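Based on the provided sequences and hints, a complete structural model is requested.
Protein chains: 2
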Amino acid sequence: MDKSDHGVPRPRLVVIGGGFCGLWAVRALAREAIDITLIDRANHHLFQPLLYQVATSGLSAPDIAAPLRHILRQQANVQVLLAEATAIDLNARQVQLARGGTLSFDYLLVASGATHAYFGHDEWAAHAPGLKTLDDALAIRARLLRAFEHAEAATTDAERQAWLDFAVVGGGPTGVELAGTLAEIARHTLRQEFRRIDPAQARVRLIEAGPAPLAAFPPDLQQRTREQLERLGVQVMTGQPVQHIDADGVVVNGQRLPCRTVLWAAGVAASPLGQLLGTPLDRAGRVQVRPDLTLPQHADVFVGGDLAALAQANGKPVPGVAPAAKQMGSYVAQVIRSRLRGQPAPHAFVYRDYGNLATIGRMAAVVDLRGWHLSGLLAWWFWLAAHVFFLIGFRNRLTVLINWAWAYWTYQRHARIVIGTDPQASAGAAKPPPS
Amino acid sequence: MDKSDHGVPRPRLVVIGGGFCGLWAVRALAREAIDITLIDRANHHLFQPLLYQVATSGLSAPDIAAPLRHILRQQANVQVLLAEATAIDLNARQVQLARGGTLSFDYLLVASGATHAYFGHDEWAAHAPGLKTLDDALAIRARLLRAFEHAEAATTDAERQAWLDFAVVGGGPTGVELAGTLAEIARHTLRQEFRRIDPAQARVRLIEAGPAPLAAFPPDLQQRTREQLERLGVQVMTGQPVQHIDADGVVVNGQRLPCRTVLWAAGVAASPLGQLLGTPLDRAGRVQVRPDLTLPQHADVFVGGDLAALAQANGKPVPGVAPAAKQMGSYVAQVIRSRLRGQPAPHAFVYRDYGNLATIGRMAAVVDLRGWHLSGLLAWWFWLAAHVFFLIGFRNRLTVLINWAWAYWTYQRHARIVIGTDPQASAGAAKPPPS
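Going down the list, the protein sequences come from chains A and B. Position 108 of the first sequence, counting from 1, maps to 107 under numbering that gives the first Met the number 0, and the rest follow consecutively. Position 419 of the second sequence, counting from 1, maps to 418 under numbering that gives the first Met the number 0, and the rest follow consecutively.
Keep in mind the hints are simulated off the structure, nothing from the lab. Take these hints with a grain of salt, some might be off.
[Stated by the list, open to error] If we take Cβ atoms under 8 Å as the criterion, some of the chain A residues that face chain B in the derived model are:
1) 42
2) 80
3) 133
4) 144
5) 250
6) 416
7) 419
8) 423
Predicted model only: the values in this text are computed from it and were never measured. Ideal Cβ positions, reconstructed from N, Cα and C, are used throughout, including at glycine.
This is how it looks when you write it as structure tokens:
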């Protein structure tokens, strides 16, 4: 595998994870004399900020994903492998792969991201799917669309309402997006399409344990968020931790809220790969890294993206957002480049916070740009422009824009297609109407 | 459910299947005083002629499907149900549904289409998936893309070549489309993207039992088809029935061809619903209908589309193609309308054959318009124009066109995204390269 010139072996970098951190690191090393192997369990890089649009039928999966192989086809020093790491031997400098075989490395970047966590209640997972991958998004899409079908076929009022009641657990950006968009679908997109139910009777609850939605935003924008959600028809319940979830609904404050569709946007945990590194993890399973993103005992092993736990100068942790992951990826590349070239190491990693955006729903968003606060339609246009701009690298920007323009003017969503089998088929509640 | 005026009950029509036949029948009855229930196992109508494009990563699933509910939202006399018929009682005039409950009918149209058949070798299904639904298409897409990934990770030449060898069984339109497009992907789309394999080394075999591909076309166009396929790099094997299929390949003429990816485009059987009707079936399981598409003993029960077996005046059967299904749907609507209005029944159903098109691959197609024969680039443009035109009812035409234009100029295919788990993960053959 050594593409060495004149017999001098080139150093090998293994990158685990083709998300924003891993991909940005790989691309920044395009001109270096290093052999890179990028492994990922998926064949694609995913533009995660728009994943909720796939879950809510606004975009199709290929609109927000591109094959890693294709993105990197012209970068000769990288090989992409569809593979999963199962063990990491830091002393032997080897990564073990799921189907057997190992990869040796001189440098390692672990950037396998985050997954959803159920706070020790893994049994909730079956009833309250989370949103991290395209598979998750398509499963949620099918669940949302089928809920209205089940409601149409229901034979009792209680059953019908249970299918028309939706709970989104967690008031972070994903929960807010899902709740706002779901309310829009019920009120606008599905209008006229059913004969026995009125989709606008759907009740969307956003359940947040903390005092307000969007904890990372300043209080005035939290208040705007709540107002905009309520205007879209979402019932915002704050200060209410979820105590139980099952097939029939959620329990909050000791009170059962019957509903058949619960989405999980509350807990994020670092990828389990962090546990393979034998170093201290924080409460969310993230790996405590040194200021240059390396492991304490292993200067050639880097951890970045959502998997890394690092404090900023102000004491707050670097947030698990796409811009931070990209910056970490670029930084790791910079450190490796300086070592390859025998140059002095760069300063410690510093997260540059350019601001915080969150979309809420149709013409509703909040923007916090270093004290400059926007909400409503203007914030929404800002959010849209920023996201289309950052969808760079995907040639799909044009069709994404067309799909959005169409959705905006018609309230329609083009990807309302159910794929796969129905995990709730045995829920027993859905009976066709008597005729 | 009777939306009767002044207490007069309106007749009820149940339509099973929202394909071309069922949907065209429902739409043609929009102005009649009849209560229609359309049931389908999927929530969408599928533009089946472009399904191979989803299987080969050219289009995404929502590009060629639209929710039945959305298509019919403004037709007040129809209710759409996501449901599956499990039994039909022709005397009691009831359809039994999978989740319990029944639908009573005065008129019934069974148009549940066709599925793939393995000529009594159902054990081949796991190794040679067929292409009828969106789920099928996404499974085939994942299998094709993963084959190249497995080849890249293979450790022996034999293993590598087994993943680079593809067999398409059946030389009808679907088999020809799949083989031609697959060759194009290997030769052009994936170029430059792999480091250890050359995708152009992939071998695509089209295996047909009969003497030529595209049996429904005249001999000169069959010859053109063979030439165009070979120019695209497909090895066309005719007169060679498949004798066996397993995880390691196919057996033809007593000879084993090792390959890990086999696609099935050979056998079509009518939907098993035909067996519920208690009337004679033909060899492919299609229901023998009377000239007005009704059942012999039941003048109010119609069978249409791919499920119906009917001879044309020239003795040939009405083909199982989209135009025939649409014509049958419209005809059934016409018969029902005449009965509702007390008008004389229309003449027997006559299939109007406007010609036959088949696409082969990039700039390659054949067209037979009543003796007017085209092949090559011109035929391909004709095919493209016809299919974009008939994609009517889908608002996606614009994005489909953009995707095609992009694919045409760049050889790229925008939907190269693997979704779901790998059924071949235990094939054991794929090991990562030693490093």
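Consistency of the hints with the structure:
no., hint, verdict
1, 42, "holds (5 Å)"
2, 80, "holds (6 Å)"
3, 133, "holds (6 Å)"
4, 144, "holds (6 Å)"
5, 250, "violated (27 Å)"
6, 416, "holds (5 Å)"
7, 419, "holds (6 Å)"
8, 423, "violated (11 Å)"
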